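We have chain H; now place chains Y and S onto it with these hints.
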Amino acid sequence: MDLLNAVVQVLDSTIRLSVPLLLACLAGLYSERAGIFDIGLEGKMLVGAFAGAAAASVFHSAFLGLGMAILISVAFAMVHGFASITHRGNQIVSGVAINFIAAGSTIILGQAWFQQGGRTPALQSGERFESITADTISNFLANYSFSSADLLASIRGLVLYLPALLFDALARIPGFGPVFSELLLGHSILVYFAFAMVPFTWWVLYRTRFGLRLRAVGENPAAVDTAGISVAWLRYRALICTGVLTGVAGAYLSMVQTSGFVKDMTAGKGYIALAALIFAKWKPVNAMFACLLFGFLDAASIRLQGSPLPVVGKVSAQFMQALPYVLTVILLAGFIGKAIPPRAGGVPYVKER
Amino acid sequence: MAQAAIELIGINKSFGAVRANRDINLEIARGTIHGIVGENGAGKSTLMSILYGFYQADSGEIRVGGKPASIKTPNDAIALGIGMVHQHFMLVDNFSVLENIILGAETDALLKSSIAKARSELDRLEREYGLEVDPDAIIEELPVGLQQRVEILKALYRGAEILILDEPTGVLTPAEADHLFRILRQLKEQGKTVVLITHKLREIMAITDTVSVMRQGTMVATRETKKTTVEELAELMVGRRVLLRVEKGEAEAGGVKLAVKNLTVKDSRGVTMVDDISFDIRAGEIVGIAGVAGNGQSELLEAISGIRRAVSGSVMLDGKPIDLTGAADPGELRDRGLAHVPEDRHHVGLVLAFEENENSILGYHDDPRYLKGPFLDIDAITADARDKIEKYDIRPANPHLKTANFSGGNQQKIVLAREIEQDPGVLIVGQPTRGVDVGAIEFIHKRLIAMRDQGKAVLVVSVELDEIRSLSDRILVMFAGRIVGERGPDASEGELGLLMAGVEQEAAA
Amino acid sequence: MSTPYAKLPAWADYGLIPLINLSVAFIVAGFVVLLVGENPFRAAVILVEGAFGKGTGIAFTLFYATTFIFTGLSVAVAAHCGLFNIGTEGQAYIAGLGIAIVCLSFDSVLPWWLTFPMAIVASAAVGALWALIPAYLQAKRGSHIVITTIMFNFIAASVMVYLLVGPLKPAGSQAPQTRNFLAGAELPKLNWIIELFGAKIRSAPLNICFLLALVMAFVVWLLIWRTKLGYEMRTYGHSPKAARYAGISETRIIITAMMISGALAGMMALNPVMGDQHNVAIDFVSGAGFVGIAVALMGRLHPIGIVLAAILFGMLYQGGAELSFEMPAITRDMIVIIQGLVILFAGALEHMFRPYIQALFASFSPRSVGMEAVKGKGA
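Chains as they are written, first to last, in this note's numbering: chain H, 1 to 353; chain Y, 354 to 862; chain S, 863 to 1241.
Hints are computed from structural coordinates only; laboratory data are not their basis. Keep in mind that the hints are not guaranteed to be accurate.
[Claimed, not checked] Footprint (simulated), chain S over chain Y, 3 or more residues, beta carbon under 8 angstroms: (1) 384–390; (2) 703–713.
[As the list claims (entries may be wrong)] Below 27 angstroms or equal to it, Euclidean Cα-Cα: the simulated DSSO-like pairs (lysine-lysine) are: (3) K1103(S) / K1090(S); (4) K1090(S) / K744(Y); (5) K755(Y) / K1103(S); (6) K1002(S) / K725(Y); (7) K281(H) / K1002(S).
Quantities reported herein were computed from a predicted structural model and do not represent experimental measurements. By construction, the Cβ of each residue, glycine as well, lies at the ideal position given by its N, Cα and C atoms.
Extracted from the complex, chain H is given alone in its bound form (with noise of 0.2 angstroms):
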């Protein structure tokens, strides 16, 4: 019993680890497919993450520190294109710029606005992200309203009425039910939203007409020119959709795993994300794959601190740590099968003559 509560622990701490990789993972999908390197995701995740326990614990809503996460985030993005799209600097020099404004500026400001060593003040609860569980749920269910006096709660009711409903109908049926509600509830609504994005990145980019386009750019922008299609307004959204999801996972950091931001809060997770994504050729369900294992690779490291596996001993943390930047060497050297990158990626689009 106590392997089979260890195994689902693990679990269970994976899928926390790797839905912040995830975010960005796709994040730096959106902007590498359209052929804009961005290894500024640490930066932005970085902002993101400040601006949403700042905006949480001053305006006391989750969500509007969701939005302004979200905004930041998406600024900082802009910053990148600026440089790499309309000055057509160099992307990877434009992307360490990014990360070390975001590093510094969001621990000058926490220090600046709340006085507590770069940290923001802890998040009561309605300002962070609960859980939802089945409890959570009916409750909801139960005392939802459409006629709310609080506009925004109502605007947020109405969003969350459908998939509230879907979980307490799954939630339900016999056999089933308990399972899913042991295994699969639980979470906040960010982890959801996350796996949510990969079949709606995977959409987007296969059955859309700006994922074709997307993609195209990435590949060829001569092609996108010559069809008629501006490239740098193409290369713009692609970042903002960068900027949106790299603003949800820093949420997801302050006002989910923890309570509130500390400086340097994101660790390398962006480079992890970058190491994912590229494990992952650029694919969107792949890049879920490569995020569970990295997460997982992490959380079996906390895990297994100081105790011994069967067969191969003990194994020390920062192998386990090491491993994702290992594999991805590997993978980089053409070792198990080739990561091609997007064609034009890294390249500012200059017309030719």
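Quick look at chains Y and S alone, frame taken from chain H:
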């Protein structure tokens, strides 16, 4: 004559100091195939890019179907029923045919209906024009000819009434080209207007109704194809250029210095560019390779000089083989006395960001004369550079000036001085005077002839027919990767022009 | 790295444009200071006084500058060969291992002037080896060196954490670091030089590595502009095609340049490890590798520029520390912002102001600006 599909009136376009189009007037009748010929750099592609909205003309007027049109973007052109098939295909290689067809012409935000529409439309176009292609094939898995067909389909799908094709046969085999021409005739029968940009006269004669000739940015003539001849067009294209003939004596050819046998070279896309070529160069002669650009001359030069690997064949330098597997090190070939003045001096022959003296040792930087141990002997290098500057009259005479600040002619002299002063046994020169002013041309020609007179073997590749004729002791003509003829220096321009256009080959086949 | 832009006089190219870019970075940083509710001008004064006002301040400034000279040179050497070495951080970190082995083995038996040369070699060798794998993968397998060096930064961090909480940690100690070095691995301070000028110094970590850094700046200058190898590196960096034409082996030049870059990064570790902390601790590099990117970009890849930019950043670090005493709202993280802004404006937006400057120059004397820059083949 039918009503004009397109009228261009007084079109001017400059890129910096270069006037790509000067005061161009052109009228193309509806339902005809109109050819535009001219040498590389004559301004054909620029003109068509203006018509397609890829560039804006500095001045002038465009009329489509008799109405003044403002074409600012490709979108405007597409809306006016103008479609273009670019020389380098504008396709997304890992997309399917259907995805490429609908890109930019989607019906709504979701792809489903667009794809359904494109599928039925492709079906119709296939029946109407015989343009069959598997709609679900991935572009990079299709042969080049089919990729081009996708480009044509793209234009027709967008409702093109006027179809511009920029050098469409450059990448096609003769059979594929013939198929393309059948398609173009069919398009014409359906009332479409076709504009064909090419430098191949054979194609012009074979398919067009009318033809315009461009030279150095101007439109020099428009003819009815029936009433003109290849000779007349060749003369119009090349023009009567004033070129000072450099005096030279009879060649005293010695033993074979460089022997090329059955050499085959492919480009990066895997297209065969040099196809089973054999020739010799002897000491004390200049062999010129004439041909329209893009017929494999560049790849031939690169293979011989060790920059590009060959697929098969052999090259012997002074009786000893050169390793063609790609392991051949250009530095090693230099040691063996093979010097190379590359076609592209901006990216290959020179590093423009370097000082002049640094470029004067490029490729010879291993030479102990320029080194003190692992260090560059700056004094020796500069003295050597000054020496060459004086000998070759390079201006400004400043070995510390950035190379980018020299004129084209002086840049070329820097390269020539470097290669000739090493006293090589074999000198390979690509486009000796491209972008070089008239004064420097004469100087460079004299130098090359002096090399010959010293008993060196010289190979010159040039797209300038006059240059080839004035320099060479023997002329080889390349067409489609093969040597299609060898002539003496007294061969007439018309004769060579026909060979270059592949006409002779056609007749022989 | 070709510049698609027209030429400007050298002084404008190397002086005016970096100065404008830098000023813009500082103006934006000034707005951040305003946002925090402090006076940016007063902050600037405190910062400069903190860095240069007292002897101790100068010594600290130069101590930080030493670190940044090494990492800046490291980034610059790779950049001259057209390579973006973003792995300076990891190469420096892992080089701490080489230094630790030398120092822990010999500090009780040898004097510092024997340990030091061995440590130099060890740090350079380990740093170079850490750069070798990404270089090899780039040259032979085409794996993007930016991504592989980022990955190697994290792998280096994992390796060092593993060693510092395990094998390298003395028994019974809690802190994740090696034991403290003995006198045989402590480098002499250079504070007396500043004291010669009459300034008083309490305790500052400025040490002999500063001289080593200056020597390496000179060596890099020699390497890049005066040796055959440097010539080959620059040729490849400007035009891989020209390098191929000149018979320069792509594999050899990429690997050599990256190993030199890695060696310079590795030598950075000497300064904090042997000159200041006298042990190898977790995260002792603390971002200096990334500062190297800013320093190299600001110094326009020239050793003199790099030394000046390193001193500027040293000043920011030291002055920033003083500033955080005076203005508690402005912690040393302000420097990280400035760093980011410098990289943004001097790097990614390098050419933003260039067209305006050119137009300005052209309006004074059209001939000084080669306006024939856009020269096309035409077709």
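Tested hints:
Coverage of the region 384–390 of chain Y by chain S is violated in this model, with 0 residues showing a Cβ closer than 8 angstroms to a Cβ of that chain against a need of three. Against chain S, the region 703–713 of chain Y contributes 6 residues with a C-beta closer than 8 angstroms to a partner C-beta. That satisfies the three-residue criterion, and the hint holds. Distance hint between K1103(S) and K1090(S) is fulfilled; the C-alpha atoms sit about 18 angstroms from each other, no more than 27 angstroms. As the CA atoms of K1090(S) and K744(Y) are separated by approximately 26 angstroms, the hinted pair is consistent with the 27 angstroms bound.
Distance check on the hinted pair: K755(Y) and K1103(S) sit about 19 angstroms apart at the alpha-carbon level, within 27 angstroms; holds. Under the criterion of a C-alpha separation no larger than 27 angstroms, the hint pairing K1002(S) with K725(Y) is inconsistent with the structure, at around 32 angstroms. Proximity of K281(H) to K1002(S) is assessed by CA-CA distance (about 20 angstroms); at most 27 angstroms being required, the pair is judged to hold.
Of the numbered hints listed earlier, those contradicted by the structure are 1 and 6.
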